[in-house]
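Residues per chain, in single letters:
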Amino acid sequence: MTSADADAALIERVKLGDVKAFEMLVVKYQRRIERLIGRMVRDVDLVPDIAQETFIRAYRAIPQFRGESAFYTWLYRIAVNTAKKALMELKRDPLITETARASRDDGDETSRVENELSDGETPDAVLASKQIAAAVNLAIEALSDELRQAITLREIEGLSYEEIAEMMDCPIGTVRSRIFRAREAIAQRLRPLLGTRLDERW
Amino acid sequence: MSSGSVTEAALLEQLSALADGEVDPADTAVACARWRDDGRVRASWHAYHLIGDVLRSEDLAIEPSRDVAFLAAVRDRLSKEAVVLAPIPKAERGFRDAGEARPNDAGARTGRRWPWVVSSAVAAGFVGVVGTFTLTRPSAPAPAEAQALASAGSPTLVASRTDTASTAVAASTPAPARSLALDVSGVVRDPALDTYLAAHKQFAGSTALGVPSAFLRSATVRNYGR
Numbered sequence: 058m059t060s061a062d063a064d065a066a067l068i069e070r071v072k073l074g075d076v077k078a079f080e081m082l083v084v085k086y087q088r089r090i091e092r093l094i095g096r097m098v099r100d101v102d103l104v105p106d107i108a109q110e111t112f113i114r115a116y117r118a119i120p121q122f123r124g125e126s127a128f129y130t131w132l133y134r135i136a137v138n139t140a141k142k143a144l145m146e147l148k149r150d151p152l153i154t155e156t157a158r159a160s161r162d163d164g165d166e167t168s169r170v171e172n173e174l175s176d177g178e179t180p181d182a183v184l185a186s187k188q189i190a191a192a193v194n195l196a197i198e199a200l201s202d203e204l205r206q207a208i209t210l211r212e213i214e215g216l217s218y219e220e221i222a223e224m225m226d227c228p229i230g231t232v233r234s235r236i237f238r239a240r241e242a243i244a245q246r247l248r249p250l251l252g253t254r255l256d257e258r259w
Numbered sequence: 376m377s378s379g380s381v382t383e384a385a386l387l388e389q390l391s392a393l394a395d396g397e398v399d400p401a402d403t404a405v406a407c408a409r410w411r412d413d414g415r416v417r418a419s420w421h422a423y424h425l426i427g428d429v430l431r432s433e434d435l436a437i438e439p440s441r442d443v444a445f446l447a448a449v450r451d452r453l454s455k456e457a458v459v460l461a462p463i464p465k466a467e468r469g470f471r472d473a474g475e476a477r478p479n480d481a482g483a484r485t486g487r488r489w490p491w492v493v494s495s496a497v498a499a500g501f502v503g504v505v506g507t508f509t510l511t512r513p514s515a516p517a518p519a520e521a522q523a524l525a526s527a528g529s530p531t532l533v534a535s536r537t538d539t540a541s542t543a544v545a546a547s548t549p550a551p552a553r554s555l556a557l558d559v560s561g562v563v564r565d566p567a568l569d570t571y572l573a574a575h576k577q578f579a580g581s582t583a584l585g586v587p588s589a590f591l592r593s594a595t596v597r598n599y600g601r
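Top line first, the protein sequences correspond to chains Z and Y.
Just so you know, we're using the numbering used here here: the first sequence kicks off at 58 and counts up by one.
Just so you know, we're using the numbering used here here: the second sequence kicks off at 376 and counts up by one.
It is worth saying that the hints were derived from the structure and are not from the lab.
This structure is a prediction, so every number in the text was calculated from the model and none was measured.
There could be a bad hint or two in this list.
Stated by the list, open to error - To spell it out: a stretch of chain Z is covered by chain Y in this simulated footprint if at least three of its residues, at any positions, have a beta carbon under 8 Å from a beta carbon of chain Y; those stretches are:
1) 63-70
2) 84-92
3) 100-114
4) 126-137
5) 206-212
6) 235-247
Note that beta-carbon positions come from the ideal geometry of N, C-alpha and C, so glycine has one too.
I would like the entire structure built from these sequences, with the hints used as guidance.
In structure tokens, the structure reads:
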């Protein structure tokens, strides 16, 4: 199944009025969309706002999404348009550019630090990020060959369960089970790093 | 397998398969309901996708509290949106999107008009129009009725959202008492609404009113005897 179809089930739920199904898509694509917008918009503090706006615009336009392209392709285009729009509005608004200029000129050391480090770039966040990446890599290497192959074929090669079943010469149910067990094994290593009481925060 | 007998491990395996788009609509509905109700399921959905992102690109290894905050912000903004409804007719359902399908002949006339109404630029305005209709109609159809009308009628429908959570067009908000003229076509005319419509030219005129009034005409007729 191509990624165009991978989101079809959730999108059908959204079209039936299931807003939570849309939230599931938000969780799925939020990091990638923020990264995309971050490449277009230099002020990193604006990125979350533009990304949120992207998802809201996508939600409103869901009735027009007909599955002719992959959902992520469609979402990507909305993100680019939303970022462009935001950049144009920034250029037009003299108050915002004046504030930006003023804060750059400010000699105060504290505010300079605040301006230079966004949420994601504080030492704590960078460390957390490295720990997560390291944990995932360690966990992948610790997997059995079958589990590692299954999750690699799925996540990196983007193959469908059917295709993976053919390649690994096993039933589709086995593919499904292996991918699930691989994810859970990696998640077990991650959970201590992901913060306490995460279940409640979600 | 009924949702009551699904163990946590089995549910998480469904969730994992859903992340890959390998789940049928019935099981998708169950998984979505559990996602809604269970924080551990939500945390797992996030973990599975974080894992996939990190496997493909280490710069997506982001500390999850940012992701939690992001979803909370989107949720907050979604709560202010009208609930989007664009049900696909049963015959067209499955993993293929309905695309150009229109439900039935009765809906076809209104069906052609509804898609432009829900484009993002006009959606807010339309919700306002519909909302005004529901507030000024002397008797609103029951939510269940309106729901049936909605599913029988048009392919896309923007519903007003209230805290009391009626997703039908006819919100259960009690209508303020206003004197209204009933013109001969049976459409409830409200002077304030007419002023609003005149200001928003694209909705003014009987053809535009033909969209909601076709919907409302059946509703008003149903309630006439009450």
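Checklist entry - Against which earlier hints does the structure fall short, listed by number upward? => result Number 4 only.
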